[in-house]
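With the sequences and hints as input, model every part of the structure.
Number of protein chains: 2
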Amino acid sequence: MKQLERVKEFDGWLMRYSHDSACCHCEMTFSIYLPPAAKERPVPVIYWLSGLTCTDDNFRTKAGAQRYAAELGIALVIPDTSPRGDAVPDAVDRYDLGQGAGFYLNASQEPWSRNYQMYDYITQELPTLIETNFPVIEDLRSISGHSMGGHGALVCALKNPSFYRSVSAFSPICHPVASAWGKTCFQAYLGGDEKRWREFDATELLIDKAELLPCKIDQGTEDEFLADYLFPQHLVSVCEKRGIALNFMYRQEYDHGYHFVASFIGEHLAFHAQYLTSMASSNWE
Amino acid sequence: MKQLERVKEFDGWLMRYSHDSACCHCEMTFSIYLPPAAKERPVPVIYWLSGLTCTDDNFRTKAGAQRYAAELGIALVIPDTSPRGDAVPDAVDRYDLGQGAGFYLNASQEPWSRNYQMYDYITQELPTLIETNFPVIEDLRSISGHSMGGHGALVCALKNPSFYRSVSAFSPICHPVASAWGKTCFQAYLGGDEKRWREFDATELLIDKAELLPCKIDQGTEDEFLADYLFPQHLVSVCEKRGIALNFMYRQEYDHGYHFVASFIGEHLAFHAQYLTSMASSNWE
Chain H
2 MKQLERVKEF DGWLMRYSHD SACCHCEMTF SIYLPPAAKE RPVPVIYWLS GLTCTDDNFR
62 TKAGAQRYAA ELGIALVIPD TSPRGDAVPD AVDRYDLGQG AGFYLNASQE PWSRNYQMYD
122 YITQELPTLI ETNFPVIEDL RSISGHSMGG HGALVCALKN PSFYRSVSAF SPICHPVASA
182 WGKTCFQAYL GGDEKRWREF DATELLIDKA ELLPCKIDQG TEDEFLADYL FPQHLVSVCE
242 KRGIALNFMY RQEYDHGYHF VASFIGEHLA FHAQYLTSMA SSNWE
Chain W
2 MKQLERVKEF DGWLMRYSHD SACCHCEMTF SIYLPPAAKE RPVPVIYWLS GLTCTDDNFR
62 TKAGAQRYAA ELGIALVIPD TSPRGDAVPD AVDRYDLGQG AGFYLNASQE PWSRNYQMYD
122 YITQELPTLI ETNFPVIEDL RSISGHSMGG HGALVCALKN PSFYRSVSAF SPICHPVASA
182 WGKTCFQAYL GGDEKRWREF DATELLIDKA ELLPCKIDQG TEDEFLADYL FPQHLVSVCE
242 KRGIALNFMY RQEYDHGYHF VASFIGEHLA FHAQYLTSMA SSNWE
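Protein chains in written order, with this note's numbering: chain H, 2 to 286; chain W, 2 to 286.
Derived by calculation from the structure, the hints in this document are not laboratory data.
Hints are supplied without guarantee of correctness; some may be wrong.
Identical copies carry no separate label here, and so any pair may be met within one copy or between two of them.
[Unchecked claim] Straight-line alpha carbon distances no greater than 30 Å define the calculated DSS-like cross-link-like pairs of lysine-lysine that follow:
hint, residue 1, residue 2
1, Lys210, Lys242
2, Lys3, Lys63
3, Lys242, Lys63
4, Lys184, Lys210
5, Lys217, Lys63
6, Lys63, Lys210
7, Lys63, Lys40
8, Lys196, Lys63
None of these values were measured; they are calculated from a predicted model.
Structure (structure tokens):
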């Protein structure tokens, strides 16, 4: 693991590392913010998954989350959105496929399958790396994300309900098999068998009876992708039918961008803190 | 005035406009954040001046200031750092001269003098435009900035003590005539007469007996430009000699970047609010 950057922020440390990934067969980059509390004791972790075209830099620069993480005493781990590099397949004319668009799944199709194993990377390799190398509490993890990363956070949580304590999302792609983004990318990464697509689709996983952790979702009403790409109403409908609690809010007049995320990230981190910091306190006080 | 963008954030509105500038003889761009309070009544304004290479976008994206502005009920006005456009002179191989590097002065030398009138733009044309078109209180203005913009904020305040209520700066170029940045740029913009340079130099203005408004300055100790470019110790020394109050803080381990600004922008806006919002309340309650 190689430290690329270390910057003080809100009395904690924002750092960037690269490492050779066994899952993705390439060098991967992530950022981590350690709050000031981590100088004294291990802290819980929230994993943040970013959206299409992003790297680990967007969230740490634009969301204003470090202030809240510092106050709450929670670390933020911010991975890249896909494998990267000259040796990694890409679709250079597409923003929604290839590098920057890993969709947090395990690809089974050529040429993607060797590197595009983001689901295993996020749920296994990266947490192990973080828990081996930083002062974090192993069993106190939550996960959140935006757009494609909201999809990723929901899928990771639905498939690993005992691994995370809570999940949240901003403007998530809730039903990718019904969305042009999902259809074209799942076809490319997973092949033609739609049964395999459902394994990486939050709404389909819930139809298939997955259980939902404490979950908070915010969606802007002026989101330019809402009508054709996101389908939160499908997820809400399944939760209603199955009697599953879901903290879902439409936010009037907000769009899809990072100013929307910035406006509500404080509420999201406070939501996760309910499930992370009370347990952290009882472990360490 | 043409609206280029309008995004909801923290229940207020972040907007971007362009307009034909009479001072700068070109189209200028600025951003403005109106807090939710501005729906009900006029609000005070803080002008923010950014540093070298920035546009109006950096601060609004990276500093996390809108949250505090929303809470305090203060508008933020964020101009560009120079005139722009194909018809505007530039030094394409220099990041510290020409477009993106206006230094907030009135240039007198060719080829700069026609467009590079940023001092008049910031202290006259832009406030008039803002006060004519937005729900702001005319007499409640403060000014702040970062690096080159910290220099600009200090100079604007020192030269117009009755126009602003307070001033603050992050990592400002405190003594440009002693700095390589200042020397080369002041030479280019203002010519060889160093007496003219002192008119746009905070430390020199204070030596010449200018009065200082309530002023807060933060400076990171790990700032990569501190030793050779900023010279806050010169400003502090003049204030000490003249018995002028200055709220100056070295911040241990912080660098020159926007994560430093983000860490303390809340304290800066709260500092300005002392001089802006109590007066706003007495005017409007």
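Query - Status of Lys40 relative to Lys63 across identical chains (alpha carbons, at most 30 Å) - result: Intra 25 Å, inter 25 Å, cutoff 30 Å: intra and inter.
Query raised in the report: Is the C-alpha distance from Lys242 to Lys63 at most 30 Å within one copy, between copies, in both cases, or in neither?
Result: For Lys242 and Lys63, the Cα distance exceeds 30 Å both inside one copy (37 Å) and across copies (41 Å).
Query raised in the report: For the identical chains here, do Lys210 and Lys242 meet the 30 Å Cα criterion within one copy, between copies, both, or neither?
Result: Answer is within; shortest intra-copy Cα gap is 11 Å, inter-copy 74 Å.
Query raised in the report: Between the shortest in-copy and the shortest cross-copy C-alpha distance, which are at most 30 Å for Lys3 and Lys63: within, between, both, or neither?
Result: For Lys3 and Lys63, the Cα distance is within 30 Å both inside one copy (24 Å) and across copies (25 Å).
Query raised in the report: When no copy is named, should Lys196 and Lys63 be tagged within, between, both, or neither for a Cα gap of at most 30 Å?
Result: Close neither inside one copy (37 Å) nor across copies (42 Å); limit 30 Å.
Query raised in the report: Is it within, between, both or neither when you check Lys184 against Lys210 at 30 Å Cα-Cα?
Result: within (22 Å within a copy, 69 Å between copies)
Query raised in the report: Under a CA distance limit of 30 Å, which applies to Lys63 and Lys210: within one copy, between copies, both, or neither?
Result: neither (36 Å within a copy, 41 Å between copies)
Query raised in the report: Should Lys217 paired with Lys63 be assigned to within, between, both, or neither, using CA atoms and 30 Å as the limit?
Result: For Lys217 and Lys63, both the intra-copy (21 Å) and inter-copy (25 Å) Cα distances are at most 30 Å.
The structure fails to meet hints 3, 6, 8 from the earlier list, while all remaining hints are met.
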